[in-house]
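Chemist: Fit chain B to the supplied structure of chain A, relying on the hints for placement.
These protein sequence lines are chains A and B, in that order. Quick note on numbering: my numbering labels position 305 of the first sequence as 305, and the sequence is numbered without any gaps. Quick note on numbering: my numbering labels position 536 of the second sequence as 536, and the sequence is numbered without any gaps.
Treat the hints as calculated values from the structure; they're not laboratory data. On a predicted model such as this, the values are computed, not experimentally measured, just so you know. Possibly wrong hints are sitting among the right ones.
Claimed, not checked - Keeping only pairs whose Cα atoms sit at most 30 Å apart, straight-line, the calculated DSSO-like set for lysine-lysine is:
| id | chain 1 | residue 1 | chain 2 | residue 2 |
| --- | --- | --- | --- | --- |
| 1 | A | Lys340 | A | Lys313 |
| 2 | A | Lys96 | B | Lys470 |
| 3 | B | Lys448 | B | Lys477 |
| 4 | B | Lys380 | A | Lys12 |
| 5 | B | Lys380 | B | Lys470 |
| 6 | A | Lys112 | B | Lys380 |
| 7 | A | Lys80 | A | Lys29 |
| 8 | A | Lys59 | B | Lys448 |
| 9 | A | Lys80 | B | Lys448 |
| 10 | A | Lys96 | B | Lys66 |
| 11 | A | Lys12 | B | Lys448 |
| 12 | A | Lys334 | A | Lys230 |
| 13 | B | Lys66 | A | Lys80 |
| 14 | A | Lys173 | A | Lys29 |
| 15 | A | Lys59 | A | Lys96 |
| 16 | B | Lys66 | B | Lys54 |
| 17 | B | Lys380 | A | Lys96 |
| 18 | A | Lys117 | A | Lys240 |
| 19 | A | Lys115 | B | Lys477 |
| 20 | A | Lys59 | A | Lys12 |
| 21 | A | Lys115 | B | Lys470 |
| 22 | A | Lys173 | B | Lys448 |
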Amino acid sequence: MIVLEIDGLYKKFAGSSDFAVNDFSIRIKQDEIFGLLGESGCGKTTILRMISGFEEPSKGCIKIHGNVVFNERVCIHPEKRGVGIVFQDYALFPNKTVEENIQFGLFRFSSKIRKEKSDKMIRLTGLEGLGGRYPHELSGGQKQRVALARALAPEPGLILMDEPFSNLDSLRKNQMREEVRRIIKSTGATGIFVTHDTKDVMAIADRASVIRHGVTLQTGTPGTIYNTPKNEYIAHFFGKTNVLSARVCEGGFQTPVGFIASDTPLPSGTTQVRLSIRPENLELSDSEMDCVCGNVKRESFAGEFKEVTCTIKDIHGKDIQLIIYAPADHFCHKDTCFIKLKNNTPPGILDV
Amino acid sequence: MAVRFFHKITKWSWRHRRYLNSWTTGVFLITLLISLPLLVISPEMLTPGSEVWKHMLSNLVPVYVKNTVVLMTGVGILTFVMGVGTAWLVSMYRFPGRNIFSWALILPLSIPAYISGFAWAGFLDYTSPLYTFFRQHFQTDTGAYLFFNILSMPGAIMVLSFALYPYVYLITRAYIVRQSTMLFEVSASLGRGPWGTFFYTALPLARPAIIAGVSLALMEVLNDYGLVRYFGIDTFTTGIFAAWFSFTDTSAALKLSGYLMLFVLLLLLAERLQRGKIRYADTSGKYLSEQRRTLKPHAGLLAILFISLPLLAGFIIPFGMLLYWSAQTMELFWDQQFWQLIRNSLTLSFLAASLVVVIALLIAFTTRTFPLWVIRLFAKISTLGYAIPGAVVAVGTMVPLLWLDHQFISLSLTNKYLVTGTWIALLYAYLVRFMAVGYNSIESGMQKISISMDEASRSLGLSIGNTLRKVNIPMLKYSMVTAFLLVFIDVLKELPLTLILRPFNFDTLAIRAFEYASDERVAEAGPAALVIVLTGFVPVFLLYKFMEKKVYDRT
Numbered sequence: 001m002i003v004l005e006i007d008g009l010y011k012k013f014a015g016s017s018d019f020a021v022n023d024f025s026i027r028i029k030q031d032e033i034f035g036l037l038g039e040s041g042c043g044k045t046t047i048l049r050m051i052s053g054f055e056e057p058s059k060g061c062i063k064i065h066g067n068v069v070f071n072e073r074v075c076i077h078p079e080k081r082g083v084g085i086v087f088q089d090y091a092l093f094p095n096k097t098v099e100e101n102i103q104f105g106l107f108r109f110s111s112k113i114r115k116e117k118s119d120k121m122i123r124l125t126g127l128e129g130l131g132g133r134y135p136h137e138l139s140g141g142q143k144q145r146v147a148l149a150r151a152l153a154p155e156p157g158l159i160l161m162d163e164p165f166s167n168l169d170s171l172r173k174n175q176m177r178e179e180v181r182r183i184i185k186s187t188g189a190t191g192i193f194v195t196h197d198t199k200d201v202m203a204i205a206d207r208a209s210v211i212r213h214g215v216t217l218q219t220g221t222p223g224t225i226y227n228t229p230k231n232e233y234i235a236h237f238f239g240k241t242n243v244l245s246a247r248v249c250e251g252g253f254q255t256p257v258g259f260i261a262s263d264t265p266l267p268s269g270t271t272q273v274r275l276s277i278r279p280e281n282l283e284l285s286d287s288e289m290d291c292v293c294g295n296v297k298r299e300s301f302a303g304e305f306k307e308v309t310c311t312i313k314d315i316h317g318k319d320i321q322l323i324i325y326a327p328a329d330h331f332c333h334k335d336t337c338f339i340k341l342k343n344n345t346p347p348g349i350l351d352v
Numbered sequence: 001m002a003v004r005f006f007h008k009i010t011k012w013s014w015r016h017r018r019y020l021n022s023w024t025t026g027v028f029l030i031t032l033l034i035s036l037p038l039l040v041i042s043p044e045m046l047t048p049g050s051e052v053w054k055h056m057l058s059n060l061v062p063v064y065v066k067n068t069v070v071l072m073t074g075v076g077i078l079t080f081v082m083g084v085g086t087a088w089l090v091s092m093y094r095f096p097g098r099n100i101f102s103w104a105l106i107l108p109l110s111i112p113a114y115i116s117g118f119a120w121a122g123f124l125d126y127t128s129p130l131y132t133f134f135r136q137h138f139q140t141d142t143g144a145y146l147f148f149n150i151l152s153m154p155g156a157i158m159v160l161s162f163a164l165y166p167y168v169y170l171i172t173r174a175y176i177v178r179q180s181t182m183l184f185e186v187s188a189s190l191g192r193g194p195w196g197t198f199f200y201t202a203l204p205l206a207r208p209a210i211i212a213g214v215s216l217a218l219m220e221v222l223n224d225y226g227l228v229r230y231f232g233i234d235t236f237t238t239g240i241f242a243a244w245f246s247f248t249d250t251s252a253a254l255k256l257s258g259y260l261m262l263f264v265l266l267l268l269l270a271e272r273l274q275r276g277k278i279r280y281a282d283t284s285g286k287y288l289s290e291q292r293r294t295l296k297p298h299a300g301l302l303a304i305l306f307i308s309l310p311l312l313a314g315f316i317i318p319f320g321m322l323l324y325w326s327a328q329t330m331e332l333f334w335d336q337q338f339w340q341l342i343r344n345s346l347t348l349s350f351l352a353a354s355l356v357v358v359i360a361l362l363i364a365f366t367t368r369t370f371p372l373w374v375i376r377l378f379a380k381i382s383t384l385g386y387a388i389p390g391a392v393v394a395v396g397t398m399v400p401l402l403w404l405d406h407q408f409i410s411l412s413l414t415n416k417y418l419v420t421g422t423w424i425a426l427l428y429a430y431l432v433r434f435m436a437v438g439y440n441s442i443e444s445g446m447q448k449i450s451i452s453m454d455e456a457s458r459s460l461g462l463s464i465g466n467t468l469r470k471v472n473i474p475m476l477k478y479s480m481v482t483a484f485l486l487v488f489i490d491v492l493k494e495l496p497l498t499l500i501l502r503p504f505n506f507d508t509l510a511i512r513a514f515e516y517a518s519d520e521r522v523a524e525a526g527p528a529a530l531v532i533v534l535t536g537f538v539p540v541f542l543l544y545k546f547m548e549k550k551v552y553d554r555t
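For reference, chain A alone in the conformation it holds in the complex (with noise of 0.2 Å):
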């Protein structure tokens, strides 16, 4: 069942002549949960809260499990949407303890099924012994799990989560992912994130929209956007990566570390394209069987492996510089080097 359909979803803010979102559209399922990426003021927050009634759009048409709640004639004010939120900065009432914070939008129910709903959720979010703190009393994934447990005590069916995990140090922000995750999925909502922290996609996404100047880039399951990027801005902003030229071959393509396999269709007569390959999957060997050579430039320990720059001739016959992760023990005789493609290297074509 579809949850939230967005379709063609712009916003001009008054004074700006470029648009803050420019024509977004998107399908959640139920039990989804969905991320929206992309650097601050790329105007992932701006359609969060156009989902969520406090922004108006400028055109577009946005459903809630099916009811129009924006078109160019219906607008429906935030508190009869019946969509929960997660503040950036939690947005507990200081003034109010943790089992009135939860209980806060259960204002419709009486008071014994109020106290029912709040405990359960006090124990689903983990929160035993709390509920007669306050916020400034505790902690910063003490305050979120308050958030979230505030927000799905009415049984919102869709929950928007602004920023989640920046406002915590990053031990915390693991565990907090997974608790998050878990939280969500257990109570059947589904949840759309917003995050300029691409580990957090990964972490927690089922699928992820790229966004940068208020255009979708990409959109799709984190491991493909990570794999097969459409472009190098996505690319470079999921992680390290290699962005190389190669030649279009029967099956493949060829490039100067060696043939990737390719059923991806391609638009005739295209010889050559550009390609993503993580540094991941690439090796360094011992001998130069299968393998091309390189010039180590620098090699820096990153703690689980070792990051080694060096350079190589692209097709052209250029020098480019090339980043390989190795094993942490591994150690470079000399300048020279032996690099390999791994098997099974996802092709990530860029700009098709």
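Modeler: Here is chain B on its own, set in the frame of chain A:
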């Protein structure tokens, strides 16, 4: 043409339909109503004017201008010296009694200038205990008043300055204390002594704050009616009263008000322009409060003397006189009439303060929820009243109310004035005059609440009204109480506006105190004045707490 216009209107209202609702419409109307008295004054300035106005313009206005300018210059200089001097000593140095002085120095704010005025006159007049003492022991005879005739321009400048320097003191101190010690240490390391640091580092640095403080004091000078009237000095404000009551020429009163308002607005604009450049230089590093230097004994003594003078003259002497008179006229406290006065004053203050708080809350919340420039603009205009002298506001309020009454009469709905000269008129004028006091307090409280609180509440299904009720108001309790108290006290001690607009035979504490003093029954003014001053301690205390928090709150 008409069709196209209609089309444009519908298109505009469709685009802005989010902003067209009962909240924005209501607040727009309210702010328009509050701005009205200030807006109606200006057109009157362009009309040619009556014979009375011509007479006033050629004979009286030059005197008003001269006196007002002399008064402002004198008060400007004296409040600058006392305000900045005390602020510098209290924030930079350690000496015996510094902590007490730092809050005692703002006590003069609890005594309205006109009360301070007749208290000082009483302190120095022929029958005062001081004069009697001097006469008996030193055979001093300096005429009707001890030392010099205090009911004069120098006397008025002196008393006004002692009453108003705390504005300069408060703002300057808050500013100096927030500067990083490093600036002063650099100045010292480059070879400047304490005086050099004061003149070349501190004064230029604190200039915006000092000017802001002095402008506040000067606006109070322009607002004052009671003191200049008592001291027999004709200023713009007394001129408005003369035009209104003696010449009964509304147009002339309006014209005078217009020019006075123009003057105040220029002052306000100049102050805003220079303040625009304020930068809190360095907020890192240590604050001055942590590194005060201890003064050597003789320097400490000098500092104490310097600080004691304004405290003595601005608070202890006038307050002492009020106590002295109240003790003499103790029986007044049990007088039926006196309790009626208290009842009048308290009821009026309570109603006005409640009204201001409710409306300020509505305006602040609506501009926050629907940020529309028209509403923001009118919200700004409706808070200008605080800078405008009470007499001007009163005259400006009269114009629309008289018009309204005339409409009622011409429609034969009634044959007497329904609004003018009633509590409604008075409350309306208080709203115009004191809106800013309440609004600023509530608005600053509102700004501390993240907008996502409101959005969280609405996303959880609460309407806008319920969000205000269940989210904003509980979090604004402190700001609302502060706003209420500040307006309450301001109304309690307000004089010129109440004098012009009060219903017939209606007295407040402030009016009675002023009338007793004007009728040479100054001792009987004591109890009423004392009640005003004692209530006035509350906002002074609040103000001090607030400034402290602002100064030391680093986040």
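Chemist: Hints the structure violates: just list their numbers, smallest first.
Modeler: 6, 8, 10, 12, 13, 15, 17 and 18
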